Every structure is written in C-alpha cells, then in structure tokens.
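Protein sequences, first through last, are from chains A and B. Its first residue numbered 1, the first sequence is counted upward by one per residue in the UniProt record's numbering. Its first residue numbered 1, the second sequence is counted upward by one per residue in the UniProt record's numbering.
Simulated from the structure, these hints should not be mistaken for lab results. None of the values given here were measured: they were computed from a predicted structure. Among the clues, some could well be false.
Unchecked claim - Computed beta-carbon distance windows for the label pairs:
1. B:D99 to A:V20: 26 to 34 Å
2. A:K2 to B:K289: 46 to 54 Å
3. A:K2 to B:M541: 50 to 58 Å
4. B:E708 to A:V20: 53 to 61 Å
5. B:G832 to A:K2: 52 to 60 Å
6. A:K2 to B:V829: 37 to 45 Å
7. A:V20 to B:A74: 30 to 38 Å
8. B:T623 to A:V20: 44 to 52 Å
9. B:V525 to A:K2: 45 to 53 Å
Unchecked claim - Result set (SDA-like, lysine to any residue): computed pairs, CA atoms no more than 25 Å apart in a straight line:
10. A:K112 to B:Q400
11. B:K379 to A:G116
12. B:K117 to B:Y79
13. A:K18 to B:K112
14. B:K112 to B:G84
15. A:K18 to B:E14
16. A:K43 to B:K112
Every residue gets a Cβ at the ideal spot worked out from N, C-alpha and C, and that includes glycine.
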Amino acid sequence: MKNIMIVDDATTVRMFHKGVISSINRHIEEAENGVEALEKALKAPIDLFLVDINMPKMDGYRLCQEIRQRDELRTSTVIMISTESAKLDEERAYRSGANFYMSKPVDSEQLKVLVGAILGDAV
Amino acid sequence: MSELLDVFINESRENLESASRGLLTIQSSSSHNGIIDGIFRDIHTIKGSSDLFDIKPLTALAHAAEDLLDCLRASEVVYTEEIGDLLLEVLDQISSWFDELELGTENMNEWKPVSVKLSDSLRAFINADNPKVTSYEEQPHPVSSSSENVIGNIASESPGAGPFTSTIGTFTSKFSSSSAIILLAKTQSENLYLIDYQPDHDCFFRGEDPFNVLITMPGLLGFKAAFPLLTSESDIYESALSFVAIGEADISEIDSHMAYYEGQYHVSHISRRELALSCAAEIRDAVEKLANESLLIAIEDGELEQIQSVAELLQTSGNHDPMTNAVLCYLAKGNEYPANSTQAHMQGSVKLESLQLTDNKHVKSVSLYEVELLQQQRKLLDAEYYNRELMLPSVANLTQQLLCRFAIECDLTCEESIRNAIDRALSVASTPLENSQPENDSNSIDVDSHNRHASSNSPAEEGAKSERHVVKMLKVDQEKIDYLMDIVGELAVAKNSLPYLAKQAEKEGGSKALSKQIKSHFSIVNRLTESLQSAVLQIRMVPVSHVFERYPRLVRDLARKLNKKIELVMSGEDTEFDKNLIESLSEPLIHLLRNSIDHGIELPDLRIQQGKAEKGRIDLIATPLDDSVVIEIRDDGKGIDPEKLKMLAFQKGIITEHQLETMNDEDALQLIFAPGFSTNEEVSDLSGRGVGMDAVRTMVNQAGGKIEMSSELGIGTTFKLLLPQTMSVNHVMMFEVADQMFAVSMDAVVETVKVHRSEIQRIRNQNVLVIRDKLIPLCELRSALGFENQEKGEECSILIVTSPTGEHGLVIDKFHEGIDVIQKPLEGVLSGYSHFSGTALLGDGRVLLIVNIQEILACH
C-alpha cells in the first residue's frame with residue numbers, strides 16, 4: 001500500500017487529482033494547507049506528496065522545506081503543482097526541495113504516468 | 001452535471017462569498033494587506049480549479065482579477081473604491097455564471113463578451129507597462145512547452161554524465177579510463193576515495209609541503225598533479241598546484257590526515273561499481289580483443305566463478321598489453337563484468353535512444369514524462385538547488401524506483417545491480433547527513449509554533465479558526481437529514497402505541513405483569529427517542545451567520561445607491577437555529593433591513609444637522625432565549641411618527657375616525673403591520689416592492705414566531721423577532737369531526753367551550769356565539785371540510801381560536817388531547833390544498849390532518 005497526500009486548498013482540485021491517481025493499492029490522504037499536511041504526514045509516512053503552492057497558513061514552498069527537514073519524510077517524493085507557471089516559481093519550488101514541478105492545468109495523463117512511475121505500481 | 005463540477009461550484013461559491021466579505025471589510029479597515037491576500041487566494045483557487053473544466057471565459061476573468069489583486073498585494077496598484085466595486089461586479093458575474101452552469105448551460109461562448117469587457121476594465125487598473133500582464137490566451141500551454149524541452153535536453157545530453165556520476169564524473173575528467181581499469185585491478189576495497197587537493201597560494205610560506213602531504217596520504221593508489229604554466233608575471237613563490245588523488249581508505253582517515261589543510265581539499269567516496277561502470281566500454285573492448293570464447297560465454301551467462309577462473313588462466317597464459325592485463329586482473333578478482341546495458345542505465349538512462357536501442361521484447365515505451373522526471377532528479381543532484389544532503393534521500397529513492405522500472409522493462413538482469421549501486425549511493429548520502437543533523441533540528445519549526453503564529457495574527461485568526469472548524473465538519477446532503485428527521489418523527493409517534501398496547505394487554509390478556517413490562521419498556525424507548533430527536537434537531541442547527549453573512553453586502557449596495565452612509569453591526573452570529581427556519585427568515589429580514597436603510601437612516605447632511613454621526617448605524621443582533629431566539633434590527637434613524645401613521649391609516653381606510661382620535665401611540669405603531677400599508681408616500685426603488693410589513697409579519701408567523709416593533713421619533717426604530725429555535729415539533733390540539741381526527745396548532749387555541757345549541761345565535765346570516773360579552777363568529781367545520789351536515793345532539797363543542805382577523809369558534813364533534821407531533825407538509829396531489837397546513841402520523845398509524853385555520857376561515 002502506497003501513501004499519497006494531496007495538499008491543496010481547493011476541494012475541486014483535490015478531488016480531481018484524487019480521481020486521476022486513485023487506485024486500489026493506494027491510500028490517499030488530503031490536506032487543505034501545509035500545517036494540516038505536515039501534522040498528518042508525521043503521523044503516518046507518506047510516499048508521495050502532491051503539493052499546491054498557494055495555500056493559506058503554510059504555503060507549498062514552506063511545506064516542502066519542512067518535509068525535507070524531517071527524518072521520517074526525507075525519502076518522500078514531492079511534486080509541486082501550481083498555477084504559477086513562471087520560471088521563477090519553478091526554480092523556487094526546486095530550491096525548496098521539490099522533486100518535480102508541474103504547472104496547472106495538470107495534464108491528467110502526465111500525472112497518472114508520473115505517479116505510477118514514482119510509486120512503482122503502475123499498471 | 002458531473003460530480004466534480006458540482007463540487008467546484010459549491011466550493012467556488014464559498015470562495016466568492018469569502019472574497020466579497022473580504023472586499024467589504026477592506027472598506028471599513030485601514031490596513032488591508034492581509035485581507036487582499038485572502039481575496040487573492042480565493043480568486044486564485046477559483047481560477048485554478050476552473051482550469052480543470054473547459055470554462056474559458058470564467059477562467060480568463062478570474063485570471064484578470066487575480067492579476068489585479070496580485071498588483072494590489074504588491075502595492076503596485078493602490079486600492080480604491082472603484083476597484084472594489086469592479087471586483088464585486090466581477091464576483092457577481094462569476095456567481096451568475098455558476099447559476100447558469102448549474103442549470104447545465106452550453107452557451108459559454110455567449111459569456112465571452114462580458115468576460116472580455118470585465119477583464120479589460122480590470123486590466124485597465126493595472127499599470128500598462130507592467131510586464132506581468134499577459135492575456136490568458138496568450139500564455140503558452142505549459143505542458144506542451146516543457147515536454148518539448150525534454151526532447152531538446154535529451155538530445156544535447158552528453159553520455160558521460162549519469163545521475164550518480166558526480167564523483168565519477170570528476171574522476172573520469174581527471175583520469176583516463178585506462179587508469180580506472182588499472183585502479184580497479186589494483187584493489188578489491190570498496191573504500192575508495194577521490195580527493196581534490198588544492199594547496200593555498202601561500203602554503204610555502206607556512207612551511208607546508210604539498211607533495212609530502214600527497215604521497216603520505218593513507219592508502220594512496222595514484223594521483224595526478226596539475227602544474228601551472230608559469231609566465232613572467234607569475235609569482236614563483238606562490239603555489240598554483242592542484243592534485244587529484246585516488247586511494248583506498250576511509251574518508252575519516254583522509255580527514256584526519258588532512259586536518260591541517262582544512263578548506264584546501266575536497267574528498268568524496270567513490271563507488272567501485274560505478275568506477276567499473278564508467279569504464280565498461282574499455283573493459284568490453286579488451287575482452288572482445290581477447291576473443292576468448294569461454295570468457296565470452298561466461299560473461300554472457302553471468303557466471304562469476306567461471307569468469308574468474310577463465311580470466312586467471314588467460315592472465316598467466318599469455319602476454320597481453322597492460323590494459324588487457326588490468327582488465328583480466330580485475331575480472332580474476334571475482335568482479336562482475338559491467339554489462340553495457342547497466343552502464344546505459346546508470347549513466348545515460350535519461351538518454352532515450354539508449355533505452356530504445358536495448359530494444360527487446362520487454363521494452364514498453366518509457367514515457368517521456370518519466371524521462372523528464374528522472375532527468376529532473378539528476379539536475380537536482382547537479383545543481384546546488386537545495387541543501388543537498390537533505391535532498392539526496394528522496395532523489396535517490398525516486399531514482400531507484402524509476403531505474404528499476406526502466407530496468408524491468410528493458411533488461412531484467414540488471415535490476416539487481418542497479419539496486420546495489422543505488423543502495424550504495426544512499427549510504428553515501430546518509431553519511432554526511434548524520435553530521436548535519438543537529439543543525440537541521442534547530443532549523444526546523446514545529447507545527448505547533450506555526451499554529452501559534454497563525455493565531456497571534458489577528459486578521460488571519462478568524463480564517464484559521466473557521467478552517468479548522470471545516471476540517472472536522474461533515475457535509476451531508478440536507479435531504480438525508482430531512483429523511484432522518486422524518487423517520488425519527490415517525491418513531492416518536494410510533495412509540496406512543498406502547499402505552500396503548502399495555503392497556504390492551506391488561507384489558508384483554510388480563511396480564512398485569514406484561515402490561516407493567518411494556519410500560520417500563522416504554523419509558524426506555526421514550527427516553528431514547530427523545531434524545532435521538534434532539535440529536536437530529538441539533539444536526540439541523542446552523543449558526544445564523546448563515547443568513548447574516550449576506551447582509552453586509554446588501555446594506556453596502558443599498559447605502560451606496562441612496563448616497564447614505566451606513567454601518568451594519570452584527571452580533572450573536574453564532575447563535576444556532578434550525579436550518580429551515582433560518583432560510584424562511586432570510587426574506588423578512590432583508591425586508592426589515594431595506595426598510596431601515598430606505599426609510600430609517602437619514603441622508604448624511606440631515607444627520608449632521610441633527611447632531612448625529614454622519615454614518616448611520618444598523619444593529620443586527622441575535623440572542624438565544626430559552627428555546628427561542630430573539631433577532632433585533634435596530635437603527636438610529638429618524639424613527640416612526642405615530643401621528644403620521646394614524647393619519648395615513650385613516651386616509652387608507654384602515655382605521656375609523658373614532659380610532660384616529662382615541663388610539664394611543666403604542667397601538668398606532670402597530671398599524672405598520674396592517675395589510676396594504678406603506679408609510680413612504682412615493683414607492684421607492686428599494687422597499688416598495690409590493691410586500692408590506694404585513695407580509696413580513698405573515699412570514700414570521702408562519703415560521704412560528706412573533707414580531708414586535710418599537711420606535712422613538714428622531715432616535716430610531718427597533719424590530720424584534722421572537723422565534724422558536726426549531727420548527728419541527730409542533731404542539732397540536734386534536735379533535736374529531738365526522739369520526740376523523742384533525743388538529744390545530746395549540747398556539748392558536750384560546751379556549752374550549754361546550755354550549756347548548758340554543759345559545760348559538762344567528763346575526764347577519766352568520767352563526768355567532770356570545771361569550772363574556774364578546775361576539776364570536778362560528779364556523780361549522782363539518783361543512784367547511786366537506787362532510788355531510790347531520791343533525792347532532794343538543795350540546796355543541798366549540799374550539800375558540802385566534803387568527804389575524806380576530807377570534808373565531810370552530811364547531812367540532814369531540815375534543816381530544818393535545819400532543820406533540822412532527823408536522824410534515826402535504827405532498828403530491830394534496831400539496832396544492834391549502835385547507836391543511838400539514839400532516840402527522842398518530843401512534844396507531846392513522847394520519848392526522850392539521851387544519852390551517854386562516855384558510856378555513858377565509859373560505860368560510
């Protein structure tokens with residue numbers, strides 16, 4: 001069972017992502033912001049984070065940095081997804097410790113393939 | 001409509017509401033940076049989510065609004081009322097599009113002109129030369145552009161640089177691959193190091209001897225020195241040397257050896273396998289040159305022992321060139337032959353061609369996306385993007401995963417070797433990690449402190465609180481709760497049959513014990529049902545803020561339209577209320593607010609003349625009071641003149657001349673609730689919509705509440721609504737007409753009387769009864785309900801009820817007790833039938849019809 005966490009303040013986006021990536025052997029957690037995500041992730045290890053950038057309380061950059069600071073989450077993969085398609089944001093995402101950056105609107109095929117590759121459970 | 005779209009619309013509506021709330025707060029607060037941030041995020045969320053659907057005009061408009069807000073946020077544009085108005089207009093537009101979407105509209109193209117128009121006006125506020133401003137359509141599609149990049153990058157990739165070759169890369173750039181083979185032949189140790197040693201320029205002056213330092217290096221296997229080219233300008237006393245050395249020893253040994261030369265060297269672990277892989281091509285060449293069949297077979301089969309023995313044999317049997325000799329020496333030591341495909345994976349797995357060249361049956365096409373992902377991991381390793389030690393574990397983990405996947409699809413045999421290689425890479429990564437641990441801990445910020453930070457921030461506080469609340473909330477379709485409510489209601493009634501059963505058991509079965517048992521059981525069921533009922537009622541309770549939150553916007557809009565300055569102060573918004581009730585109240589409340597704004601609050605000039613504050617104030621207060629809730633609407637406007645009211649009422653024929661003279665002020669004020677009454681001479685744009693205060697009173701009454709009004713001339717008017725907290729349980733009085741059960745609301749019942757038929761008098765073709773000098777018109781329910789009018793006994797049962805038109809007597813057959821019922825509205829064919837306000841189930845399963853007194857009397 002692989003654990004995925006979708007962090008986005010928009011329910012619609014979370015639902016969309018969930019719809020794209022859900023599968024029988026994946027457990028999907030959701031969080032509305034960085035603080036909630038970190039709280040949940042520290043309770044149960046997460047293999048893959050899908051993180052939005054613009055969120056209240058704790059944004060995606062910050063969350064990513066926090067993830068990298070934690071021993072138990074350091075091996076997790078972080079994909080940042082955001083509407084900010086500017087190169088600057090992409091670089092900032094990587095500087096914060098993201099493994100990959102995608103810009104919205106997310107191509108669901110791409111997301112599906114990536115998640116499958118990352119978790120190694122693609123069908 | 002798809003479920004996702006449904007969620008999107010619901011969520012976005014919340015965002016819209018919170019954004020417009022934010023815009024309204026800005027007007028009344030001086031610092032609005034935090035608020036703009038919130039609004040920005042709301043719009044941003046809407047835009048981001050709308051991307052998932054094909055709603056281009058909406059996305060474009062949201063995008064424009066987001067851009068403007070971004071500029072506001074960055075203080076590039078100064079907030080003005082005009083911007084506020086425009087943004088509110090945009091929010092309204094989006095909201096009305098949602099309405100259309102919900103109806104399933106297909107004509108999104110028709111939205112386009114509006115979208116363009118609004119977007120243009122939004123962008124007009126943004127500085128024209130602001131480079132950030134790009135129209136939404138002009139933006140290149142990010143996905144397609146990035147995948148093009150991937151192809152470009154792959155083509156330009158140099159084959160030597162694999163994802164884990166940062167150290168190896170240094171090695172191969174400094175040494176030739178033949179030296180790598182020789183090195184491999186020389187040693188069996190896994191503890192290989194590569195050191196880059198650059199003595200300081202002034203090292204000679206400190207008496208240091210770089211050469212000595214180098215050759216005394218523990219486990220040194222080889223080194224390379226770079227001598228600078230000396231020119232006439234060079235200072236011959238300055239060192240310009242640099243060395244690269246390789247050896248077998250722990251990195252810690254090297255560190256202690258180099259302890260005095262801190263900062264002048266860089267040492268890293270070098271993996272033997274990687275080294276072997278880096279010169280795999282040379283090894284292969286050497287083996288091919290030998291053309292020894294048994295060695296080739298052994299290599300093909302991957303038989304380590306076989307390779308070892310053949311290599312040993314070859315080594316001793318012939319005269320080979322040093323390179324071949326080194327290769328044989330390496331193989332004879334029991335090393336694995338570095339397969340070419342493995343090398344491809346380790347070094348150039350990002351090279352698409354190489355993946356496709358190893359083409360065999362297993363190859364599915366490796367997706368471009370995966371390649372892009374892997375490539376990004378390599379970039380992350382190469383670039384000093386993030387704290388490398390912290391980043392490595394995830395990169396290594398991910399790369400391992402990806403390589404395994406590629407390997408499975410390309411070449412099953414090399415999976416194991418890659419796994420090993422990466423395991424080692426991981427162990428390398430973890431070594432420096434441990435050292436840096438304490439530092440990281442001090443850097444990290446725990447979640448709690450974050451929370452604290454958020455709550456100390458006052459504008460953010462409320463948002464944070466409500467968010468927290470939302471997390472724990474469960475959103476349930478209201479229909480489901482209504483259904484639950486119905487069932488619980490039926491249960492509440494069904495349990496009433498138990499006492500009846502107990503009576504039955506005693507009477508017919510003659511068993512007192514059984515009857516007692518049933519009774520004791522009844523008390524348990526009764527208690528449970530009651531708590532169940534109150535629990536369900538609790539679910540339906542929502543805070544009044546549900547309705548209240550629409551009002552600031554309403555007040556603001558109306559006030560601006562009328563050029564009045566009005567502040568709406570709300571309190572007690574968290575008072576809870578039955579949801580249905582709240583919704584039925586929304587309209588009367590809006591009406592009352594409109595009245596206050598339109599007729600109550602004076603124009604600013606007039607207010608100043610009267611020594612009042614320029615800004616009018618309307619208080620909207622909700623207070624819980626026992627089982628009911630009081631809602632007050634209080635304005636500090638001009639108040640209502642009772643004399644004027646009386647005059648108007650007289651003119652309109654509502655009161656008689658006699659009443660005009662005798663009526664006291666208190667009663668005069670209540671005239672405002674009289675049907676067909678409007679105090680303002682001219683029907684205004686706002687409140688004169690044909691619904692007077694009588695309509696408000698009717699609506700409040702229907703909800704089971706009462707309305708009171710008090711006013712003081714020149715000081716203000718207060719409306720007070722007294723409402724039950726829930727409307728679900730009704731106390732009704734049952735009675736029988738023509739062997740059928742009916743009921744009326746207990747609130748309406750004044751008294752029950754039994755009179756002799758002779759006491760009923762007939763005045764003006766109407767049966768009346770005189771009780772205590774009061775004339776009470778009677779209504780024969782039998783005929784009113786359409787039953788046959790049969791002659792009854794001498795005694796008449798009369799139920800006296802109040803209605804807006806005064807007290808009336810209902811002539812019925814028999815009185816019954818008062819009970820609590822859950823009233824349900826009439827459904828189906830009966831729903832248009834207004835004689836009854838609803839139905840309820842009785843304990844024995846019979847249906848109880850609840851009579852709508854007003855309607856019955858009106859028909860009569």
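Tested hints:
A beta carbon spacing of about 28 Å between D99 (chain B) and V20 (chain A) agrees with the range 26 to 34 Å that was offered as a hint. For the pair K2 (chain A) and K289 (chain B), the supplied restraint of 46 to 54 Å holds, since their beta-carbon distance comes to about 48 Å. Between K2 (chain A) and M541 (chain B), the C-beta spacing of about 41 Å breaks the proposed range 50 to 58 Å. Range check, E708 (chain B) to V20 (chain A): about 57 Å between beta-carbon atoms, so the 53 to 61 Å window is met.
Separation of G832 (chain B) from K2 (chain A) is about 57 Å and conforms to the stated range, judged on CB atoms against 52 to 60 Å. Taking 37 to 45 Å as the suggested C-beta distance range, the pair K2 (chain A) and V829 (chain B) does not conform, at roughly 56 Å. Look at V20 (chain A) against A74 (chain B): about 33 Å separates their beta carbons, and that is inside 30 to 38 Å. For the pair T623 (chain B) and V20 (chain A), the beta carbons lie near 49 Å from each other, so the given range of 44 to 52 Å is met.
Checked against the given bound of 45 to 53 Å, the beta carbons of V525 (chain B) and K2 (chain A), roughly 48 Å apart, stay inside it. A hinted pair counts as satisfied when its Cα atoms are at most 25 Å apart, and K112 (chain A) with Q400 (chain B) qualifies at roughly 19 Å. Straight-line distance between C-alpha atoms of K379 (chain B) and G116 (chain A) comes to about 21 Å, which keeps the hinted pair within the 25 Å bound. Proposed proximity of K117 (chain B) and Y79 (chain B) is supported: the alpha carbons are some 20 Å apart, at most 25 Å.
With a CA separation close to 31 Å, the supplied pair K18 (chain A) and K112 (chain B) exceeds the 25 Å bound. This hinted pair checks out: K112 (chain B) and G84 (chain B) have alpha carbons roughly 22 Å apart, not beyond 25 Å. A distance of roughly 21 Å separates the Cα atoms of K18 (chain A) and E14 (chain B); the hinted pair therefore holds under the 25 Å criterion. Between K43 (chain A) and K112 (chain B) the CA atoms are separated by roughly 48 Å; this puts the pair beyond 25 Å, and the hint is violated.
Of the hints listed earlier, those the structure fails to meet are numbers 3, 6, 13 and 16, in rising order.
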